[in-house]
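All chains should be built: construct the whole structure from the sequences, respecting the hints.
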Amino acid sequence: MIFPTTPSQTVGPFFAIGMPWDGGPLAVPEDTPGAIRISGTVHDGAGMPVPDSMIETWQCDPFGHFADLHGYGERSQLAGFRGFARFAAEDGDGRFEILTVKPGRLPGPPAGGSGITMQAPHIDVSVFARGMLHRAVTRIYFADEAEANAADPVLASVPAERRSTLLAHPVDGGYQIDIHLQGERETVFFAV
Amino acid sequence: MKSEQRQIYDPVSETPTSYVREGRVGPDPHPPMDFEAYKSTALRHPKRALVYLPQTITEITGPQLGAALVGETDNDLTIQHEGMPIGERMTVSGRVIDTEGKPLRGTLVEIWQANAAGRYLHKWDRWPAELDPNFSGAGRSLTDDEGRYTFTTIKPGPYPWGNHYNAWRPAHIHFSLLGRAFVQRLVTQMYFPGDPLFPFDPIFNSVRDPDARERMISRFSIHDTVPNWAHAYTFDIYLRGPGQTPFEEAH
Numbered sequence: 004m005i006f007p008t009t010p011s012q013t014v015g016p017f018f019a020i021g022m023p024w025d026g027g028p029l030a031v032p033e034d035t036p037g038a039i040r041i042s043g044t045v046h047d048g049a050g051m052p053v054p055d056s057m058i059e060t061w062q063c064d065p066f067g068h069f070a071d072l073h074g075y076g077e078r079s080q081l082a083g084f085r086g087f088a089r090f091a092a093e094d095g096d097g098r099f100e101i102l103t104v105k106p107g108r109l110p111g112p113p114a115g116g117s118g119i120t121m122q123a124p125h126i127d128v129s130v131f132a133r134g135m136l137h138r139a140v141t142r143i144y145f146a147d148e149a150e151a152n153a154a155d156p157v158l159a160s161v162p163a164e165r166r167s168t169l170l171a172h173p174v175d176g177g178y179q180i181d182i183h184l185q186g187e188r189e190t191v192f193f194a195v
Numbered sequence: 091m092k093s094e095q096r097q098i099y100d101p102v103s104e105t106p107t108s109y110v111r112e113g114r115v116g117p118d119p120h121p122p123m124d125f126e127a128y129k130s131t132a133l134r135h136p137k138r139a140l141v142y143l144p145q146t147i148t149e150i151t152g153p154q155l156g157a158a159l160v161g162e163t164d165n166d167l168t169i170q171h172e173g174m175p176i177g178e179r180m181t182v183s184g185r186v187i188d189t190e191g192k193p194l195r196g197t198l199v200e201i202w203q204a205n206a207a208g209r210y211l212h213k214w215d216r217w218p219a220e221l222d223p224n225f226s227g228a229g230r231s232l233t234d235d236e237g238r239y240t241f242t243t244i245k246p247g248p249y250p251w252g253n254h255y256n257a258w259r260p261a262h263i264h265f266s267l268l269g270r271a272f273v274q275r276l277v278t279q280m281y282f283p284g285d286p287l288f289p290f291d292p293i294f295n296s297v298r299d300p301d302a303r304e305r306m307i308s309r310f311s312i313h314d315t316v317p318n319w320a321h322a323y324t325f326d327i328y329l330r331g332p333g334q335t336p337f338e339e340a341h
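Keeping their order, the protein sequence lines are chains A and B.
Numbered according to the working numbering, the first sequence spans residues 4 to 195.
Numbered according to the working numbering, the second sequence spans residues 91 to 341.
Treat the hints as calculated values from the structure; they're not laboratory data.
Every residue gets a Cβ at the ideal spot worked out from N, C-alpha and C, and that includes glycine.
Watch out, some of these pointers could steer you wrong.
What the hints assert, rightly or not - With the Cβ distance kept under 8 Å, some of the chain B side facing chain A (calculated, not the full set):
hint, residue
1, LEU143
2, PRO144
3, TRP214
4, THR278
What follows is the structure, given as structure tokens:
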């Protein structure tokens with residue numbers, strides 16, 4: 004028996020009542036060696052920042068292991084690794100910033116991996132906002148992983164001229180990537 | 091000019107036939123991201139085709155944040171302050187289940203809501219209704235082995251918003267579910283049975299399938315109602331199964 008899912012609804016403008024936690028934007032503890040900050044701004048179709056937006060990220064550790072198992076592979080041994088970050092500000096200005104480590108490579112589809120393809124380091128991202136009736140899903144890849152990116156089966160499925168919208172660029176202390184919900188530089192969003 | 095400004099949103103009485111037919115076009119229970127009647131969607135929806143993302147290990151895993159985040163009283167929104175909040179005290183409980191009927195154990199359920207007067211404890215809420223010093227409006231709960239969660243709270247009030255002339259949100263509680271996998275992540279709103287504002291709310295009606303809309307409405311339960319204490323509402327939440335593919339056309 005397959006039950007239909009409960010429909011999605013917008014987070015609305017007041018999600019900051021319930022969504023922020025202490026350390027929410029930290030996918031790793033602050034003193035983690037090699038920790039990087041990934042920051043950027045969410046823009047709407049007019050190019051304006053989206054102040055009432057919320058970002059969540061999910062990823063593996065540098066060795067390709069997740070914080071939670073569900074029977075898939077080895078659990079991450081990195082101390083305090085959560086692999087999940089949520090940036091949700093009450094007085095937001097469209098900017099987000101999370102603290103994490105660069106993820107490792109993972110087997111490509113199908114899930115669990117046939118070993119035939121390898122994914123480049125990537126972070127899954129959910130974007131929520133007032134005016135978004137369900138989340139938009141995107142991925143962060145890293146501009147300085149050209150070789151791995153070239154072999155990534157998911158990136159290969161994205162039209163070549165749009166791939167750059169998924170690339171975070173190295174900056175002091177981490178990486179920078181903007182998310183454009185719409186417009187000339189619209190970010191690639193995925194159906195999952 | 092005045093009449094233009096006073097255009098209410100009333101899809102049911104204006105376009106009943108097409109509305110119903112449209113609602114039946116497909117099995118996707120989720121609203122479109124571009125929904126004209128909800129004006130804020132205009133600049134906030136992707137216009138390009140979504141790219142199909144196969145479920146790799148990143149998508150079939152997900153955070154299990156439960157225990158560390160949930161305090162013992164976090165699921166009772168009526169005892170977070172010195173006094174009892176004003177309003178209709180109630181429990182909201184239900185199960186978190188996947189579409190195969192399997193309960194999600196130990197999964198985090200987060201809620202936030204307005205107070206009984208329809209006012210959110212948020213600096214951007216300008217609705218001139220009273221804040222309640224005894225009500226913050228946020229709660230967390232972990233599901234038990236049967237996927238069950240429970241909250242004690244007060245019934246939120248409806249409130250006006252600026253989407254169109256005389257726009258009011260039906261009373262609702264925001265629900266956030268992490269599920270067990272990235273693909274199961276869901277944020278939704280729980281509504282109350284028989285709300286007269288349903289036909290006039292573009293957010294509720296953004297879900298085109300009438301059956302799917304019903305799944306956002308809680309049920310009143312006299313059996314779970316605690317005599318001389320609190321009404322009870324039941325709200326089961328169905329997250330997609332791990333093997334399900336997206337409805338959206340992939341390119």
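Of all the hints given earlier, name the ones this structure violates by number, lowest first. No hint contradicted; all consistent.
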